[in-house]
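Using the sequences and the accompanying hints, generate a full structural model.
Protein chains in written order, with my numbering: chain A, 1 to 508; chain B, 1 to 343.
Read the hints as simulated data drawn from the structure, not as lab findings.
Quantities reported herein were computed from a predicted structural model and do not represent experimental measurements.
Every residue gets a Cβ at the ideal spot worked out from N, C-alpha and C, and that includes glycine.
Heads up, none of these hints are tricks.
Derived CB-CB ranges, DEER-like: (1) Ser155(B) with Ser371(A): 46 to 54 Å; (2) Ala308(B) with Asn162(A): 41 to 49 Å; (3) Thr455(A) with Ala180(B): 52 to 60 Å.
Single-letter residue listing:
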Amino acid sequence: MNEIVPVVEMTDIAIGFPGVKALDGVNFRLFQGEVHALMGENGAGKSTLIKALTGVYTIDSGTITVLGEHKQFSTPAASQAAGISTVYQEVNLCPNLTVEENVLLGREPRRRGSIDWKGVRSRTREVLAELHLNHVDPGSLLSSHSIAVQQLIAIARSVEINAKVLILDEPTSSLDADEVNQLFRVIRDLRDRGVAILFVSHFLEQVYEISDRMTVLRNGKLVGEYLTRDLSRMGLISKMIGKEMEALAELDQAPARTRARTGSEVTPFVEARGLGRKGSVSNVDLSIYPGEVVGLAGLLGAGRTEIARLFFGADKADEGSIRVKGVSQRIRSPRAAIDKRIGFCSEDRKEEGLIGDLSVRDNLMLAMQASKGWARRIPRRVQDELVAEYIATLDIRPANPDALIRNLSGGNQQKVLLARWLITSPELLILDEPTRGIDIGAKTQIQKLVNKLATEGMSILFISSELEEVLRLSDRVAVIKDREMVAEIKNDDVSVEDVMTVIAGGTQ
Amino acid sequence: MKSLMKNRLAWPVIALAALLLLNQIFRPDFLSLRMQDGHLYGSIIDIMRNGAPTILIALGMTLVIATRGIDLSVGAVVAIAGAASCAYIAASPEPASPVTAAMAVLIAVLAGLLLGVWNGFLVSTVGVQPIIATLVLMTAGRGIAQLITGGQIVSVSNDHYKSIGAGYLFTLPVSILITAAVFVLAAVLTRRTALGILIEAVGINPVASRLAGLRSRNIIWIVYVFSAVCAAIAGLMISSNVTAADANNAGLYIEMDAILAVVIGGTSLAGGRYTLAGTVIGAFIIQTLTTTVYTLGIPPEVTLVFKALVVITVCLLQAPKARNLLRSLKAAPKPGTKEKVAI
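This is how it looks when you write it as structure tokens:
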């Protein structure tokens with residue numbers, strides 16, 4: 001094994017941003033025919049390392065060799081020319097072009113100067129067949145396929161260029177179980193054909209299922225390189241967060257809360273009857289009581305986010321009614337919802353949450369400032385106090401209120417967005433996938449926080465793709481299937497399997 | 001020094017200083033000021049006075065651009081404001097009285113307010129793209145101004161009115177004082193209140209801003225009204241300076257100069273972070289360029305080319321890509337001292 005030259009070898013890599021050392025003396029090796037998982041918490045430097053390898057960032061020091069050859073990647077194009085291909089979480093193809101145009105974009109076979117469309121079609125069919133995608137019509141629009149298939153098509157493009165290295169950055173975060181299996185079959189195929197695959201994911205089980213080796217980073221430094229079969233899950237987690245096992249076990253047991261009382265004698269904070277919106281969701285009957293956590297369970301695309309948006313007025317409901325504290329209300333806009341003390345953390349942090357070019361302070365104060373109106377600026381002194389308080393309470397790092405929020409890691413951005421709402425002291429907080437794509441440490445912190453807020457009397461609508469998480473936190477679980485609410489389960493020792501059965505069967 | 005160079009205003013200030021220096025070399029009395037009849041005279045004063053309308057309009061344009069918008073109608077608003085005030089004075093029974101002049105100013109500002117409300121309505125409520133929405137008034141506005149003046153150049157003789165564009169107060173031209181006052185007002189309005197931050201939030205991420213409870217409609221309305229009022233005041237200055245309203249030529253192409261001033265000053269056309277001070281410097285650069293052309297005796301045929309070169313240079317100096325390239329060229333001989341990429 002030691003005789004083999006790695007496909008990619010990165011030695012002593014350092015990258016710094018103003019005020020942050022993103023990577024410091026990191027070594028990384030990638031061999032032919034292996035699936036190598038890059039592990040670490042958010043902000044550990046995984047993305048930075050990938051961006052160094054793909055030429056998005058220029059390294060400050062260190063060396064990169066590809067097949068023993070010294071390389072300097074100053075642009076993504078240089079990295080691609082060296083045979084390194086990347087498939088990102090968000091598919092970066094052109095949705096308005098066809099499958100074949102995407103697969104062969106820029107490298108179409110030509111005949112007498114013009115594109116040979118027959119050749120394009122047959123070449124695309126070949127590549128798709130290699131990936132068991134025979135059912136995909138090369139002439140169909142990319143946008144007509146699911147994200148999962150789009151991702152596989154992005155991989156098809158890498159296969160077509162004969163990439164030696166394939167980087168998959170969180171490829172499974174929006175796939176369901178079947179789609180993940182399909183993706184893994186393709187990954188194994190490529191591995192057996194000698195492609196070196198770098199795999200990044202927050203799903204530990206998937207990492208253990210697919211990877212042969214892993215490199216663990218923490219705080220921009222290398223922790224070590226391990227064979228997957230030699231490292232236990234607990235071992236990996238403690239290496240990632242650098243804490244002792246006992247502390248970890250304690251974190252895991254965190255939520256044990258007396259369930260909120262609900263019943264006819266208490267008025268629910270919010271009560272929806274037959275709530276719906278044409279073309280979106282329908283038939284939502286849901287009450288949330290003060291001090292209660294209600295979970296929304298359902299498959300991706302079942303309509304969970306759509307329901308959250310109706311409660312928050314981000315979309316206008318056109319069926320049914322909403323009562324807030326027993327009074328019938330129409331929630332026509334986010335602003336109207338905020339005035340009724342409702343807050344909403346969107347699942348799409350980047351597009352619907354962050355104001356990237358503004359500081360942590362401005363992002364944190366935004367909702368409160370918006371509800372006060374532009375004329376009444378919150379005095380700087382008050383801002384400083386609130387921001388300092390929430391940075392400390394939520395352990396936001398770096399603890400610098402003037403840092404631009406887009407330079408923070410995902411977990412810390414999420415905490416700032418949570419703080420944006422907490423500062424307005426809402427009575428109902430809607431959290432849509434608040435723990436997606438963030439590391440275990442931040443995840444546990446957020447789960448604990450949800451518990452604490454509910455204990456203090458806040459109503460919480462909690463949405464997550466992880467059923468375990470939903471069950472651990474919720475007093476009741478509403479099951480959403482095919483854009484309707486199909487069941488409501490009181491969470492008394494309900495197991496994941498029970499909920500799965502309801503989702504599968506759809507009967508109460 | 002390094003942190004000073006990272007300041008967004010560094011390059012515009014350097015460019016302006018270089019231009020002024022160039023003039024000083026060719027005309028040794030360029031930077032000198034002298035007192036005459038209690039008025040301050042000098043090339044710098046001339047530049048500021050001639051640039052005042054552009055600066056005013058560029059201030060309004062900055063806030064519009066910060067919200068991801070653009071206001072092409074400012075030139076037309078200049079014409080309408082001038083036409084309305086001059087037509088009022090010409091038609092009034094006492095065309096020389098101070099009350100008439102005051103009424104004329106009021107009418108012009110109200111006209112600006114109304115036109116701004118119209119633009120803001122189209123953009124924020126109807127949802128028309130800003131460039132199209134303001135294009136409507138840009139073309140229709142000249143027509144409105146013509147209707148008001150009856151297609152003639154309306155001359156007025158009212159000394160009070162004339163002093164807006166050509167008068168002096170505390171040794172300085174009134175137009176400079178008005179512009180300075182509007183600048184201070186805009187700076188205070190945006191930074192003392194939360195308006196500045198909310199404008200930037202809407203410009204950077206409108207979707208997230210809405211979900212944070214921001215009423216972006218009001219914000220957008222405010223910036224278009226402010227822009228049109230600035231243009232109306234500029235219209236007063238221009239018409240009072242020549243004591244006439246010219247519906248066809250007043251403020252012609254001034255929207256282009258204003259947009260250019262915003263960009264040179266360092267505010268991105270993509271919206272978001274903006275700098276009012278940068279805009280003022282940008283407008284100065286444009287105005288100084290015009291003066292430089294005369295100072296250097298550049299033949300009129302190549303004047304526009306010369307201007308374009310300077311503008312391109314300043315814009316390039318601000319572009320992160322070009323700056324990185326420049327830096328890597330500088331840093332190449334000694335790789336040990338490589339600077340970090342600015343984010």
